[in-house]
Amino acid sequence: MLAFDRPDGSTLVVRITGDWATGNPLPSAGEVETELSSGPGVRRVAFDAAALGKWDSGLLTFLLKVFDRCSAEGIAMEKSGLPPGIVRLLDLATAVPERKGARREAKRDPFLARVGAAAEKAWKSNRDTVTFVGDVAVAVLRMFRGKARFRRSDLLEIVQECGAQALPIVSLISVLVGLILAFVGSIQLKAFGAQLYVADLVGIAMVREMAAIMTGIIVAGRTGAAFAARLGTMQVNEEIDALKTMGFSPTEFLVLPRVVALFLMMPLLCLYADLMGVLGGMLVGVTMLDLGIMQYYLQTKAAVHLNNLWIGLVMSAVFGVLVAFSGCLRGIQCGRSASAVGEATTSAVVTGIVSIIVATAVINVICNVLGI
Amino acid sequence: MEPCIVAKELTMAFGSFVLQRDLNFTVNRGDIFIIMGGSGCGKSTLLRHLVGLQTPAKGQVLYGDVDFWGLEPEERERFMRRFGILYQSGALWSSMTLAQNVALPLEEYTDLDPDSIRERVSLKLALVGLSGFEEYYPSEISGGMKKRAGLARAMAMDPDILFFDEPSAGLDPISARLLDELILELRDSLGATVVVVTHELASIFTIGNNSVFLDPDAKTMLAAGDPKELRDGCPNPTVRNFLTRGEAGSAGK
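These protein sequence lines are chains X and R, in that order.
Remember, the numbering used here sits 1197 above the position in the first sequence when you count from 1.
Remember, the numbering used here sits 39 above the position in the second sequence when you count from 1.
These are calculated hints, taken from the structure and not from any lab test.
Glycine residues also receive a C-beta, built at the ideal position from the N, C-alpha and C atoms.
Please note: incorrect hints may appear among the correct ones.
Here chain R is said to cover these stretches of chain X; the calculated rule only asks that three of the stretch's residues, wherever they fall, bring their Cβ under 8 Å from a Cβ of chain R [to be verified]:
(1) 1252 to 1263
(2) 1280 to 1290
(3) 1526 to 1535
Residues on chain R that point at chain X, a partial pick, calculated with CB under 8 Å [said to hold, decoys possible]:
(4) L151
(5) E174
(6) D227
(7) H238
(8) L240
Excised from the complex, chain X in its bound form (with noise of 0.2 Å):
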């Protein structure tokens, strides 16, 4: 604890005594401030600390306030009263000078700038998606002139990764969603007795749109989330850059096949999932509606043109292209820290998505204009 002396008019002895951990209430710097101004002119300080019990980072951060205190009043400090590892530790803590313009002061930019910044911002990210998508176009025509550089185990693990393995996931959503058709259609076709339209409603809605856009949605939430993780880790151990400077474009060596991958995947996955997205209609056709298997298989025939079906597959293809991409580009555009491969995968997640349903509008669009 503290206590303070006066041998003569000008010397102010601060006593120490007592333990000064972390846990007890400690005095504070403001004591020594009160004693200082107090009396009249002390022109020096000193310290005697022969009764200190244990004494840890709270006691040195009191003594680095009453030395500030002093050095701004011009008033003379005397250490020798200390434990010798105060003193040093003292010392080794003003040792370093503060290295001038270190200091980050928390200051806010006016309004118009930061909405320039915004600006700024949103640009850049803009011309880097384009840049992007242009290297990636550069990367197929190599690829197609037989020269660009990629593995191709890579290729066919990668092929492995998003389609084989994503076969599960895939069955269990593309059933569910022909039950859940089947389900809201059987409700109002059966006011009308025509349960068998079921069979026409399951058809061609998965065929044409369902399909194509839940296999994108789970591709883009499964395999674009890993494409944005691997290559942002790659990214934070410098293996992009290590690619780089062996002379290899990371676009071919990484993107390219994700991009083939996925564009000879998607499509090969929606009509797996067509199929099961009519027997989920079926299921419920047969159980619930008296439907017979012919009759409902016969009903799905004569409802999908092969139209509904090419319109899907393309559909699939688009979004493996565009899930690729998001993926890639926030993978290949991740900042160097942990965070930022988090913040590059969920971005990922997000631009597939939203892509997605975008290209599904403007295909829709077209389709519609064309008559198909």
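Fit chain R to the known structure of chain X by using the hints.
Same frame as chain X, now just chain R:
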């Protein structure tokens, strides 16, 4: 001399693969204890066993008279707060500023008010020569500064025992030497016990006053004691060879 950490018949293994068996050594209070040995001998793994990140396959680690691995998990966790650990690459949390990195344990485990926490954080950063860098993120500072900031975080809770995993790896010779001096200074003034994993000979002789030498081929320790004495008078040629950078002759290999 009062023993601070004692390893008894400590065996480290991954599944059935034994890394090191039957380690016996004592770290005294106030020691700077070096864990040394060639690459892949299990130096860092030994450190992980001492600080509670990995369970020994057999044997005991005693802190004073507490059997560390015999404690209940919650008690062990509380016990681990007495340690300060500097990881190889700093392991600063990248989403927090340096000040937040150092402040986190103080906010969580003490009832200090925000002002005293801020003062202590500034003190710790000043001790490692980083005053003024409170608001920087780890990604904005150099490797050497990350190490020093990691040290400031390790010291946040005024630990009795400091562990360093390869403190000078990746630092230039001058920074490495300054860090060594800082370690000595902290040991002398705080009276802490320091355990260092390293294979930098210069550091070993500058700071170490006690050590253990692990060998990957023998799968156990070959020697223990003051590294300078081991260099000059260890009967085992492998240890002498290591400590003289192979200049003691080819007898070791």
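Legend entry - Hint check against the structure, violated hint numbers in rising order: 7, 8
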